[in-house]
Amino acid sequence: GAVVSQHPSWVICKSGTSVKIECRSLDFQATTMFWYRQFPKQSLMLMATSNEGSKATYEQGVEKDKFLINHASLTLSTLTVTSAHPEDSSFYICSARTSGRTGANVLTFGAGSRLTVL
Amino acid sequence: SQKIEQNSEALNIQEGKTATLTCNYTNYSPAYLQWYRQDPGRGPVFLLLIRENEKEKRKERLKVTFDTTLKQSLFHITASQPADSATYLCALRNTDKLIFGTGTRLQVFP
Numbered sequence: 006g007a008v009v010s011q012h013p014s015w016v017i018c019k020s021g022t023s024v025k026i027e028c029r030s031l032d033f034q035a036t037t038m039f040w041y042r043q044f045p046k047q048s049l050m051l052m053a054t055s056n057e058g059s060k061a062t063y064e065q066g067v068e069k070d071k072f073l074i075n076h077a078s079l080t081l082s083t084l085t086v087t088s089a090h091p092e093d094s095s096f097y098i099c100s101a102r103t104s105g106r107t108g109a110n111v112l113t114f115g116a117g118s119r120l121t122v123l
Numbered sequence: 091s092q093k094i095e096q097n098s099e100a101l102n103i104q105e106g107k108t109a110t111l112t113c114n115y116t117n118y119s120p121a122y123l124q125w126y127r128q129d130p131g132r133g134p135v136f137l138l139l140i141r142e143n144e145k146e147k148r149k150e151r152l153k154v155t156f157d158t159t160l161k162q163s164l165f166h167i168t169a170s171q172p173a174d175s176a177t178y179l180c181a182l183r184n185t186d187k188l189i190f191g192t193g194t195r196l197q198v199f200p
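Chain order of the listed sequences is B and P.
Counting in this note's numbering, the first sequence runs from 6 upward without gaps.
Counting in this note's numbering, the second sequence runs from 91 upward without gaps.
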């Protein structure tokens, strides 16, 4: 089946530094990927939709200059948290629409990246 | 406003019993409704999809119902096992996005 690989699985950084998270579709091409954020004991909140070869579409309230998304190829999307602060500490999860189920928007998720900003 | 609500309280049941989880939505008219399973510290995993013209869908020990009049979906796990313990999320498509409910944590004890 479809596999989405996300790296790193966890990262600890100092306040003010930037962190990059990679999301790869391993055995299929993903023209669209979705980035979610999840705080403890809360549901997944969509941050942005990443489109290959074009600018990402951000949800209301998500700062595009803080959360930089690049989708340069059909198998790779990256999320960079710039100038991270403790309130950015969260669980970030990427996903890709599984080929063949476009109409239903079934998603395959990565394992997630736990970001802790000190 | 649009909402997708699931029982926020954990559901604790005994092994072998049937677990029933509820998903209610307001101000959506979804053509599909999906259920995912999420284990702690992991990304969600797709389980089942049900279309608006389907009343019921089954997959092994899982059963999903979809009532567009009540705006509700029920998710059943029969003959539950401790390995079924996880958080279960329902999700609806809104334009090109998948929006998730709050999730219900299921705990199956021996």
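No wet-lab data here; the hints were simulated from the structure.
For clarity, every value in this text was computed on a predicted model and none was experimentally measured.
Quick reminder that beta carbons are idealized off the backbone N, C-alpha and C, glycines included.
Treat the hints with care, since some could be wrong.
What the simulated footprint calls covered on chain P by chain B, stretch by stretch (three residues with Cβ under 8 Å from a Cβ of chain B suffice, anywhere in the stretch; the number is not a length) [claimed, not checked]:
#	segment
1	103 to 110
2	179 to 186
3	190 to 200
* To do: With a C-beta cutoff of 8 Å, work out whether three or more residues of the segment 103 to 110 of chain P approach chain B closely enough for the coverage to hold.
  => This one is violated; 0 residues, fewer than the three required, reach chain B with a Cβ under 8 Å.
* Does the segment 179 to 186 of chain P contain three or more residues whose Cβ lies closer than 8 Å to a Cβ of chain B? -> Our answer is that it holds, as 3 residues pass the Cβ test (under 8 Å) against chain B, meeting three.
* **Coverage of the segment 190 to 200 of chain P by chain B (three or more Cβ within 8 Å)** => With 4 residues in contact (Cβ-Cβ under 8 Å with chain B), the coverage given for the segment 190 to 200 of chain P holds.
When held up to the earlier numbered hints, the structure conflicts with hint 1 and nothing else.
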